[in-house]
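Q: Mind docking chain C on chain B? Use the hints.
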Amino acid sequence: MNTDDQTYSAAGEVASVAVRRTWRDRAWRSLKKAPMTAWFGMIVILCYLFVAIFAPWIAPYGESEIFDEALASPSWQFWLGTDPLGRDVLSRLMYGARNTIGIAVATTLLSFLIGGCLGVMAAINRSWLDQGLSRFVDVLMAIPSLIFSLMLLAIFGSTVTNLIVIIAVLDATRVFRLSRAVSLNVVVMDYVEASRLRGESLAWVMRRDIIPNILPPMVAEFGLRFCFVFLTIASLSFLGVGLQPPTADWGSMVKENAEYISYAQFDLSVARYPLLPAAAIALLTVAVNFVVDWFLHKTSGIRDEK
Amino acid sequence: MHPILRTVLQRLGLGLLTLFVVSLIIFSSLQFLPGDFATSVLGQAATPETVAAFRKELGLNDPAITRYLQWIGGVMQGDFGSSFSGRSQGREREVLGLIGPRLWNTLFLAGMTAAIAVPLALALGITAALYRNSFYDRFVNATTLTTISFPEFFVAYILMLLLATLWPVFPSLSQVSTETPFFERLYLCALPALTMTLVIVAHMMRMTRAAIINLLASPYIEMARLKGVSRSSVIIRHALPNAWAPIVNVIAFNLAYLVVGVVVVEVVFTYPGIGQLMVDSVRTRDIPVVQACALIFAATYILLNLFADIVSIITNPRLLHPR
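Chains as they are written, first to last, in this note's numbering: chain B, 1 to 306; chain C, 1001 to 1323.
Pulled out of the complex, with its shape left as it was, chain B reads as follows (with noise of 0.2 Å):
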């Protein structure tokens, strides 16, 4: 026992004090819990963010690179051959990932930003604009997005601007309705009155009492809005009417080389043009949903009756 009075603490006294924990630190405990499918997640995710970012640099060829080696076995030089205009498809496929996520993360980020706007303004205002907002939704929400996106692409054209613009647009109809809907429990909340009645302005209210207590539900919307931006886009390419080529794009890349799925009886092997880029897609989204699925459990408290 420390008895010097000069050096006297508290901490010194009972030798450990409950230490308030910084949030790395409880990340960490948090993460540390974490089941085994959302660390395959993350660590997928982690890997595809890193491809996506540094595909110029990390990938060995460029993107419509043409080598006069068409179809190519996989070899020390071409990891996974060539696909038959002679591009290396490990190349396009580490391109393919800087497009699609890119175009992907851009179009969530829109939505967001327009959907949880006026959701949140429709849920604070609750007169004219909410019905007015609530309703339009209903409209759009009333034509399948794939059909309306089809629609829209054939008058304005195939565009990557157009392509985000669009489906930003159609998607932000569900973060609204998301968005709108948690507000709804918040801003009858004391405190939202108390600040209302203080004189605060809209922005005000939505950015200090409203956002940060609906982040955890819209967080996990994120990535389940992510995942269908992604897969409409990769179907749109494999349609034809996305992403142009000679863009590297993993639905197109699966739509160019479609034809080779009928050979793999000869030569099993063909059948990686098509099938390695949808793989790709589908580990995304796997990963994606495994890690929301966590979250979703972990914040919400929502679990099966036992």
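Hints in this document: simulated from the structure, not taken from any laboratory. Just to be clear, a hint being listed does not mean it is correct.
Chain C residues, not near chain B, derived (Cβ > 10 Å throughout) [said to hold, decoys possible]:
hint: 1; residue: 1006
hint: 2; residue: 1013
hint: 3; residue: 1049
hint: 4; residue: 1050
hint: 5; residue: 1053
hint: 6; residue: 1063
hint: 7; residue: 1074
hint: 8; residue: 1122
hint: 9; residue: 1145
hint: 10; residue: 1220
hint: 11; residue: 1249
What follows is a list of derived Cβ distance ranges for each label pair [as the list claims (entries may be wrong)]:
hint: 12; chain 1: C; residue 1: 1016; chain 2: B; residue 2: 185; range: 30 to 38 Å
hint: 13; chain 1: B; residue 1: 200; chain 2: C; residue 2: 1011; range: 39 to 47 Å
hint: 14; chain 1: C; residue 1: 1013; chain 2: B; residue 2: 24; range: 51 to 59 Å
hint: 15; chain 1: B; residue 1: 29; chain 2: C; residue 2: 1003; range: 52 to 60 Å
The beta carbon of each residue, even a glycine, is placed where N, CA and C say it ideally should be.
A: Structure of chain C alone, referenced to chain B:
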């Protein structure tokens, strides 16, 4: 008036209103076309007179409201106008003639899928909910979570690789025509139907499981158990009557989902359905066909959701008094 009838009529009216607004949106999309598109449809060789005649035929010189009324009036009588394709060669094709046989093909495929998928998914979902947290439940859950994450074309190509190329059981392309006899048609549609079954069974099973678990957690079920009612009687007498609404909702939601999934699957298996027609028309920017397909898809989607709403209102009187 009887309250159920009144609510159902309200819903019907609301559905018709939605359909009307959707048709307005689809129609007004034509306004956003770039100005020179008449030339691109008719080809470079078109004289200014033919372009002017084409614009007149489309009615681009009339006010929008007249054109909408003409278009929707035609649609009501089954006349969707004529297609843009082949205009440059001077051939004209009615959109209805293009869509008619293909719509039947798509409905056949969707119906076949539903006939397999709905009973299968309900059985899986209900058993998984009853034996929840068992090994069986975990297995079904993990499998369906994985299948949901796969894009439709990945499932389709894997099935094609396994069942059409390596072990040629089914044909890889589903070329059917109006003369194809029924059983051959079933055989040709096997792979596309199987693909869609895999995709929607996953969704439907998870939703059914969640709905049933939610139901089994309610106080009246616990009460029935506590007073000693047998397990089967709890399910049949107490749970099932209340489960109809969520189950029908799940079915309708997934049939509506089928409408969208059909597009990709038709393209993979080159099945001559309305989805493939729509994709082709989007590529060639054949707007009348795109509009007609979009309207048909949207109408199916709205009708299915309306149907689910009405069934849940009829089976669950609490919905008569919305908060």
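Q: Against each hint, give a clear statement of whether it holds in the structure.
A: Hint by hint, here is what the structure shows:
| no. | hint | result |
| --- | --- | --- |
| 1 | 1006 | holds (21 Å) |
| 2 | 1013 | holds (14 Å) |
| 3 | 1049 | holds (26 Å) |
| 4 | 1050 | holds (23 Å) |
| 5 | 1053 | holds (23 Å) |
| 6 | 1063 | holds (20 Å) |
| 7 | 1074 | holds (19 Å) |
| 8 | 1122 | holds (19 Å) |
| 9 | 1145 | violated (6 Å) |
| 10 | 1220 | holds (15 Å) |
| 11 | 1249 | holds (15 Å) |
| 12 | C:1016 / B:185: 30 to 38 Å | holds (33 Å) |
| 13 | B:200 / C:1011: 39 to 47 Å | holds (41 Å) |
| 14 | C:1013 / B:24: 51 to 59 Å | holds (56 Å) |
| 15 | B:29 / C:1003: 52 to 60 Å | holds (54 Å) |
Against the hints set out earlier in the document, a violation occurs for number 9 only.
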